[in-house]
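Protein chains: 2
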Amino acid sequence: MNDVVILGVGMTKCGKFVDRSLHDMAKIAVTGALEESGISQAHVQAAYCGNLLSPWGFHAEHIFNFTGVIGQALLSPLGFGAIPVHNTRNACGTAGAAFQLAYMDIAAGFHDCVLVLSVEKGYLPDRDQYLRMMSPPPEEGSDKRSFSAPLEQQASRCRDYMRKYGLTREQIAWVSSKNHMNASLNPLAQYQKPYSVEDVLADKPVIDPFTRCMCAPNGDGGAAAILCSAGFARKYTSHPLFVATSAMQTGRERFDPEQPNLDERVAKEALHRAGVDPGDIGVLEVSDATPWTEITAYWAVGLCAKEDAPAFIDSRATALAGRHPVNTSGGMESRGEPFGATGMLQIAEVVWQMRGRCGARQVAGPPKIGFTQIVGGWLGWEAEDAVCSASVFKR
Amino acid sequence: MNDVVILGVGMTKCGKFVDRSLHDMAKIAVTGALEESGISQAHVQAAYCGNLLSPWGFHAEHIFNFTGVIGQALLSPLGFGAIPVHNTRNACGTAGAAFQLAYMDIAAGFHDCVLVLSVEKGYLPDRDQYLRMMSPPPEEGSDKRSFSAPLEQQASRCRDYMRKYGLTREQIAWVSSKNHMNASLNPLAQYQKPYSVEDVLADKPVIDPFTRCMCAPNGDGGAAAILCSAGFARKYTSHPLFVATSAMQTGRERFDPEQPNLDERVAKEALHRAGVDPGDIGVLEVSDATPWTEITAYWAVGLCAKEDAPAFIDSRATALAGRHPVNTSGGMESRGEPFGATGMLQIAEVVWQMRGRCGARQVAGPPKIGFTQIVGGWLGWEAEDAVCSASVFKR
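Taken in sequence, the protein lines are chains Z and W.
Numbering that gives the first Met the number 0 puts the first residue of the first sequence at 0, with every later residue one more than the last.
Numbering that gives the first Met the number 0 puts the first residue of the second sequence at 0, with every later residue one more than the last.
It should be emphasised that the hints constitute simulated quantities derived from the structure, not laboratory data.
Not one of these hints is a red herring.
Chain copies aren't distinguished; within one or between two, either way the pair holds.
Within a straight-line C-alpha distance of at most 25 Å, the following computed SDA-like cross-link-like pairs (lysine to any residue) qualify:
1) 393 <-> 240
2) 393 <-> 107
3) 267 <-> 107
4) 26 <-> 381
5) 26 <-> 39
6) 393 <-> 108
7) 15 <-> 198
8) 192 <-> 361
9) 393 <-> 109
10) 305 <-> 81
11) 26 <-> 379
12) 26 <-> 382
13) 267 <-> 80
14) 267 <-> 41
15) 367 <-> 356
16) 267 <-> 40
All of these numbers come straight from a predicted model, not from anything done at the bench.
The shape of chain Z in the complex, shown without the other chains:
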């Protein structure tokens, strides 16, 4: 396998941009990534484009052009030529999957320089339409109809853990408060209002134990990255940032709280392949559709033992000033979660942290080792998430 360098990234602000098109957002993300990389469109030999929602009734005015060739439709007007463009989808893990394909392309030596783009219009003004699309069909012979099945599933699994391991509402709220505080320092975040633990707990209840500001909002946004070979990178940087590995797995049809779950299996695989000890990770972006998924990542990645998550939260290790800062961008809860773009937003943050470019929210070091993890998809009420991918970055 060849060494893989991430040369530059670009991203849009996250938010609800009724008047901003996928074209607009792609241009911002791609232009930013090219500029940071110091290269032009002509250097890019292939592209991997992630988008989840555009062909799915969202913004259906574009349905024909975007159906299945969204990457070509977005990149051709930006001056990219007759290159291979792969369009990927993998629920909320879409951008992670696109990144993994690009990583494999460069690692294998197929190309010297590729683009990853993930962009999403996730905001629908019609809330009823939105909720219909976000919910699975009711189970056969059942009246059960969820307003957000993944949220209900997370809440239920979180409550089970709380009962068994003594995790408190205040500890969960601290994770959310930390992320909102980080987002208040991130000019690209969707929500930049800081919330104290008390503010988080006092927000509108959604589903026990989560309040509104603990739940990732829908929204729009995108990010892009240039990946290249070490040889190519030498012409453009004397401080290459390496993608040590990228791993991905499908979830099992049965979630078993007593076994290592999808996120743990994938994190272990990624860290093993990268030869990285969890204790050495200096910055992490992980799924936090709610703080519960961030908390599960604490032991999945190996920052603490499963039973020690409450004490680990109390140690403040995952705060900006802690030993393992997590979701320094604000995470999905406040930076935003434009579904198919989220994994690339995480990667942009980790790259910028490792390069010391994060301004007021910059963590110490800058960190030498970064980690991103994204989960997504729905295989049923009793199943694990459908997909998880994780990547490891090294300076």
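Fit chain W to the supplied structure of chain Z, relying on the hints for placement.
Chain W alone, transformed into the frame defined by chain Z:
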């Protein structure tokens, strides 16, 4: 790059199967590919799944489960485990793109054995809904609203060529008649009725110069393949069939009839990489949404010069008994065109021809070199197709 072997393929019958689900079709295709390969689910280390239409309003009852994780949703119930599953879309080039990713995976040595699955429900009983979905939005400030934009575009470019190079309606109809004749010998084809040249010309006019039976029908179907390393293949076959290469490109925003077009550029790249002379290709499956796209492939692949296509048709070289049999399956016109699955249906046919398993439509040899090519997508009225991929197979 490692050698890549295609160990076995499986496919469904093509047709309009109102009562057959994507799950049903995936099971038929995957089970067939595993059986032909002599392996079980447990050997498969990764999967690449192509599907175009399911999240796009077609069969919306499945919209949640299938959105973005269709591969996982189809493969988990079939006993595939915690493997990486990538879901790809690339308009009518979807299956070709999925195959290319799988090829790259094995060529790079990431895995020893991967599955490619492409499956589609392309038939909608509501014809109005179908046509709305198949047409681009009208151009800004124009009343132009096409019933099938790609068909109009092909017809217009075909008429231009007819005027310039003297291609006749009868010659075009012969290509279609040949394909329907081939399909009449293919028990998996959607339409198995033979049409003479006179029958083709006498069929219902659609758009000059095409009659109904010259236009690919909508329909359902799917195919799967097992790709593996040469080392893995040695345990299961003493007659490995190699994927010599797979190439893919994006179309340009301006179609120029005087320049080499997308299909020609991609075919040349694939043949060059595979070290294959067009004259040595013994079986081909190429896009024939209409006979016009098959005719363009004749010179794109290099079977004849561009100006010689009419004479080349008259030579009957592309018939079953000819030197370069094309679309022995019946092609899109009669075997069927379940959009995102078509590229894999082509590959199944070429593999079976090269293994001498095609019964009444078996070509002589069996051929030592096979070629598949699929085009698709829409970048505008003046543009080339959005995507083209081509693969070369060698015994």
